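Novice: Those protein sequences? They're chains E and Z, same order as listed.
Residue 640 in our numbering sits at position 55 of the first sequence; the count goes up by one each step and never skips.
Residue 751 in our numbering sits at position 166 of the second sequence; the count goes up by one each step and never skips.
For the record, the hints were derived by calculation from the structure and aren't laboratory data.
Copies of one chain are not kept apart here, so a pair can be met inside one copy or by any two copies together.
Taking lysine-lysine pairs in the DSSO-like style, the calculated list, with each CA pair at most 30 Å apart, reads:
(1) K734 to K792
(2) K765 to K754
(3) K641 to K792
(4) K662 to K601
(5) K765 to K792
(6) K792 to K662
Keep in mind that this is a model prediction, so the values were computed, not measured.
Number of protein chains: 2
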Amino acid sequence: MISKNQIKHIQALHSKKNREESSLFIIEGVKLIEEFLYQTKFEVTDIFATEEFIKKHKSTFSSKSIRFFEVNDDELKKISLQSTPNETLAIVKQKHDNLNENLIQSSVNLFLDDIRDPGNLGTIIRIADWFGIGQIICSPNCTELYNPKVLQASMGAIIRMPVVYMAFKELKPFLQSIPKYGAVLTGQNIYTSTLSPGIIIIGNEAKGISQEILYEITHPITIPSAQSNGSESLNAANACAIICSEFHRQLTY
Amino acid sequence: MISKNQIKHIQALHSKKNREESSLFIIEGVKLIEEFLYQTKFEVTDIFATEEFIKKHKSTFSSKSIRFFEVNDDELKKISLQSTPNETLAIVKQKHDNLNENLIQSSVNLFLDDIRDPGNLGTIIRIADWFGIGQIICSPNCTELYNPKVLQASMGAIIRMPVVYMAFKELKPFLQSIPKYGAVLTGQNIYTSTLSPGIIIIGNEAKGISQEILYEITHPITIPSAQSNGSESLNAANACAIICSEFHRQLTY
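Pulled out of the complex, with its shape left as it was, chain E reads as follows (with noise of 0.2 Å):
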């Protein structure tokens, strides 16, 4: 049983204005709170969830400061952006990560030139997460990373994979001396190129690269595509997935 107040309290962290000012996201589903209750990065503050959710866990969480309150199948519907809810919600903290300086030069980093669609944000967090990319950096036009859509498709990834917005004019001096990727349909076939640790800047999925951030390429690079006519693009967390598979097979066998 929950009060109305908890209910307009939850539901207000539905709109990205509400997230923000509270610093504050929501989480939903059995298997990513499970991750999330598993995990130090992120801290969860209450959980709603049907009586057997809460039995099997409250008693792991005792000594964390996580507040439980059950709730009905109607309560969850209330309170869910889901059209058949998955037995628990939970309210967590916000938390913004920094620019690593170090990761910058010893890894293989992403910077998202204005990925608008959430599901992509989510899609290519998981990738990321996937193929060892050492961190995200989104420039402030990509969307939020706690929209619940996010969320979702990231599948738990950005419990490990740290995400940080910034605009490339303020990335640019940590840019100096690393390679700077760019899929472009000019560039050089990515299958034959010699790839080896830097950034790899994905473009937005309707303009590609934006202008400014173009002539700061160094390696130009192109999934060459077996047709030489119809097929125009593909998809931007496809074209991204591709490209970190590819990075990811040249570094380690």
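Guided by the hints, dock chain Z onto chain E, whose structure is given.
Specialist: Same frame as chain E, now just chain Z:
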């Protein structure tokens, strides 16, 4: 100006049942419709568009039996499935591809085992088109090819890519002498395997490859992760993108 009956007829095509009964489907947006106008696989029967779009295209297609209807913004909103309709909507006749036995033997093919998300199916068709996949075979439980979200995500790739619906057990007799690849957790490292033409099996988003098809895989493959713990899997469309990319790399470069 279009009639109430026309509006009703088009709105009916928003549902799968009516699309199947009439063997018609709808596409939307200037870019996609221009692609459909300049191809020969599918027959476009009716175009509903703004005055400007009709002026630009009607004379070119006067020899074809395409009917053009001018619509205003209000009418377009009524017939469209999009929140911001883009100038034009067209009705097209469905076309059902048959299995091409030669392509099974000579090219890289995809078998999709119950891909349910229309965005994933559309994206996979776009990836397959990009990398020159011979044909896609969808299990009967895959999402419907003519779902508007599939068409939107495929970005016109369905014009070029044959997509056949067929159960695996019907397909099996044609696969006797060809390699059957499937992405599983304990397969061979895809980067260090030697890949050759054959069929790649992509599993359902939640359940992976079904049990009876798992037994048929002759070449289990894995996209190795950089992490030893943590991330569990990649999204089906991203995994497909990476696998098709690696086939393309090994067979072409």
